[in-house]
Every structure is written in structure tokens, then in C-alpha cells.
Amino acid sequence: MTYRHQFHKWFYYSLALLLVWFMDSQVLNRLPIFGVVPMLLPLVVVIVGVLEGAYAGTGFGMAVGLLWELTYPDGFGGLVFGMALAGMVTGAISQYALSQSLLSCILCSAGVLTILDGMRILRALFIQLDTLNVLLGIAVPEVLWSLCWTPVVYLLFHRVFQKVGGTRLA
Amino acid sequence: MKDFLRHNGIWLLIIAFLLSVLICISSLMMGGTANPFSNLMTSITAPIRDCVTAVADWAGGVQRYVLHYGEMEEQIAALEKEVAELRAQVRENEAAVTENEQLRQLLNLRAKREDFVFESAKVNARSTSNWQSTLTLSKGSEAGVQTGNCVVTETGLLVGVVTEVGSNYSIVTTIIDTSMEIGGLITRTNTAGVLEGELSLMQEGKLRLGYLPDDAKLVTGDEVLTSGKGDVYPSGLVVGQVEAVFDEPSGMTRYAVVVPEVKLDQLIEVFIIKSFDIVE
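Respectively, the protein sequence lines represent chains A and B.
Each residue of the first sequence is one higher than the one before, starting from 1 at the first, in the numbering used here.
Each residue of the second sequence is one higher than the one before, starting from 1001 at the first, in the numbering used here.
By construction, these hints were calculated from the structure, which means they are not laboratory data.
Hints are supplied without guarantee of correctness; some may be wrong.
What the hints assert, rightly or not - Label-pair ranges, simulated between beta-carbon atoms:
(1) A:V152 with B:A1059: 48 to 56 Å
(2) B:D1265 with A:R4: 42 to 50 Å
(3) A:T114 with B:S1200: 19 to 27 Å
Claimed, not checked - Facing chain B, a subset of chain A residues (Cβ under 8 Å, in silico):
(4) S25
(5) G35
(6) F76
(7) G78
(8) L135
Think of the CB as a built atom: it goes at the ideal place given N, C-alpha and C, for glycine as much as any other residue.
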């Protein structure tokens, strides 16, 4: 693929990412269901990792992590590395153990969301923010509600993948 | 994974790690001030937030108008009647106000709120996470806003405290957030405690008043104000009402669950208290 093709491809992915970021940060947070808002950005990293592989997943994960850290309150930096790692691992898993399908995306999303909220729970327990029951009461609905959005985000990014993904432009 | 190794993908991970460390260090070094990268990004995205807020407010207004037209007509009639009654009451109260003013002068009491310097700001974004309760306001350091400034409604209800300031925006941590700790005072009994957020209560839009003295006799409906102890936040700001009183799991002390007066999900415009005199 030439640089022009690469630019074309990642331009489309960036537009899709901006759309999801807009929904996540400006729309869905105004419409909580039973007080829970979903996390869409990890889903984006997983789906691009599954569709494009480990290398692209790492780079895209880093970009998403950077966007997350810089546009959402209380950024501490860890998400840049964390999302890059998530993109790499999901890319590798989809290549060797799973396939480029919606089911793989749901499985990998469940894993990444669980690890993400697991880290939050560990931190909360470490600083004695609240009891495990209370923390799980927030994390479990958050993970489940976020997973419900996987097919929607997958459809969007799969459409982009069908149009410009892989080496189609080459 | 082959493409990852072939393209030296490990360098991407190293760059991501270094970026994480850079953001972490800059956040720690800047304290309550937004780091330059966040400041830049949030400033760039400010017009998007303003636009969405304007559309959401407009849509909310249209929805209310369409769905509650009959109700609104009834409310207008009721309000017109109430206005007439209130006008009559105001005339009666003017004499009482004059008398009250004279008594205040007599007792040499200060009109506490006259020292407040306000900055009005629009709420243009809300929390994006289930783990914290924050608001993004349309004013920042360019308007003189600083971390630690209290934020209130037009009727003096406490909304929260500014915890991060960018050039044209600021992040307010609301009173129900888990990181919030502020001195509280029960007006009826003059009992002091510490108002603090708790995750389980935050989901219900409430907070707790802890560290109550053993002999504290609270009842449902007691009004809670800020105590101003420590001279960090102004005293006398309305926080909410006591809903219930419980024993701590240890059984040694008690705490109260407080329902805030402010409706955090309905805020459109708020006022930042930029400075105040400390009342001894």
C-alpha cells in the first residue's frame, strides 16, 4: 500500500472514531439507562484490533488512548499504554485463536472492559473508596451495557473495513 | 502478530508507554490546572460541546412545550394567581424587611453574602463516567476561575468545587462525588460534621454527613449548610436536607444521608464564587 492509500484508509477510520467519540462524550452521557452510561472507546480499539491485526491495533489503540486521556476529565496517562496494549493483544488473539467476526469482537470487548473495570475496582479497593459489592454494582452494569453497544460499533467499523480496510486499496 | 513483529510494533508500545508517562508527570506537576495537552484538546472541542448543549437545551424546550402544553397553561394560570398573592405579601413584608435591617444593624451582624465575587458560567458537559460526578463549565482561567472555587446556583445552593481549570473551561467536581470532602453544619442543632461523597450514594444522587458527635440529635428534614471550617470554602451555602441517620458499621459513630437541594441533572447556568471574606 502506498502512503496515499494508507492515509485514505486511516482517514476513514478516524472519521468513524470521531463519530463514536462524539456519541460517547456528548450524547450517551446525557441519556443514562438506569443511571449507567456505556464506554464505547475500548470497543473501538478492540474492533480495529480484531479487523486490522496486532500492529494496526497497537497504533490505533495508542491514538484512542490519547484521545481518551486528553478530552475526558481526570486523565492520568495510563490509558495511552493500556489501549495500545489492548489493541495489540486483541489483534494477536483474533489472528491465532479467534476470527475477524462480531463474536470475536464481543469476546475480546468483554475481556478488555472487564480488565479495565477490574483495574478501577482494585484501585478503589486500595484507596478504600467503598466495598467490593458497591464497586461491582457499578462495574457489572457498565460492562454489560457497554457490551450491548458492540454490534453497533462493529457495524460502523466493519463498514469502513469493507470499504478501505486491510489491503483493499492496494 | 507477524506484521506486528515485522513492522517493529514494539516501538509503538514503547512510544505509547512514554506518552503515558509524559501525561502522568505533566498531570502531577500541574496540580489542579489542566495539563497543556488536555487544555488544548478541550479548548478545541469547546465549540462542539457548546453546540450540543444548545441543541439539547432547544430540544428539551420543544419537548416540554409539545408534551406539557396543557399543563403549562394550568401552571401559568396558577402562577398568575400566585404572583398577585406574592405582590400583596411583598408589600406587607417591606415593613418587616426594614425592621429586620434595623435589627441586623443593631446586632452588628454582617450581611455575609455581600462579599462574594461571582462569575456566571454555563454548564456545557456532564460526567462521562459512572465513577465520578463532574460538570464542565464554560469559564476558565481567562475569567479568573481558580481551583478550589465553590460553585452555586442562583439561589445559593452548593453545586460543587472547581477541581481543574483550563483557559476557557473548568471542571467542577460535584458535592456527591467520592473525592468531595467539605465541612457541613446542621442549622437546627448547630452540629458540625464532614460532608463526603460515597459511590453507592452517588448513584442515587445523595451524599453523607459523617464524623457526627455522639450526642448529635438529627431528624429527617434537618437543613445542612457548609460550615466554612478551615477557611477554605465559604460558610452558609445550602447543601441539602437530612434524609436518614445511621450507625457506622463500627457502631461507634453515626452518619446522616443528605439529599442535595440542587438538581445536578437540570443545571444550565451556575455561579462561581471567585472570592469571599472569611467570617470568623
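Do the hints match the structure? See the list:
Here the CB-CB span from V152 of chain A to A1059 of chain B is close to 22 Å, at odds with the stated 48 to 56 Å. Look at D1265 of chain B against R4 of chain A: about 47 Å separates their beta carbons, and that is inside 42 to 50 Å. At about 21 Å, the CB distance of T114 of chain A to S1200 of chain B agrees with the hint of 19 to 27 Å. The beta carbon of S25 of chain A is positioned within 8 Å of a beta carbon in chain B (closest approach about 5 Å), and the interface hint is therefore held.
Annotation: G35 of chain A was flagged as interfacial toward chain B, and the flag holds, the nearest CB pair being 5 Å apart, inside 8 Å. The beta carbon of F76 of chain A is positioned within 8 Å of a beta carbon in chain B (closest approach about 6 Å), and the interface hint is therefore held. Proximity of G78 of chain A to chain B holds as hinted, the smallest CB-CB distance being about 6 Å (cut-off 8 Å). For L135 of chain A, the suggested interface contact is upheld, since its CB lies about 7 Å from the closest CB of chain B, less than 8 Å.
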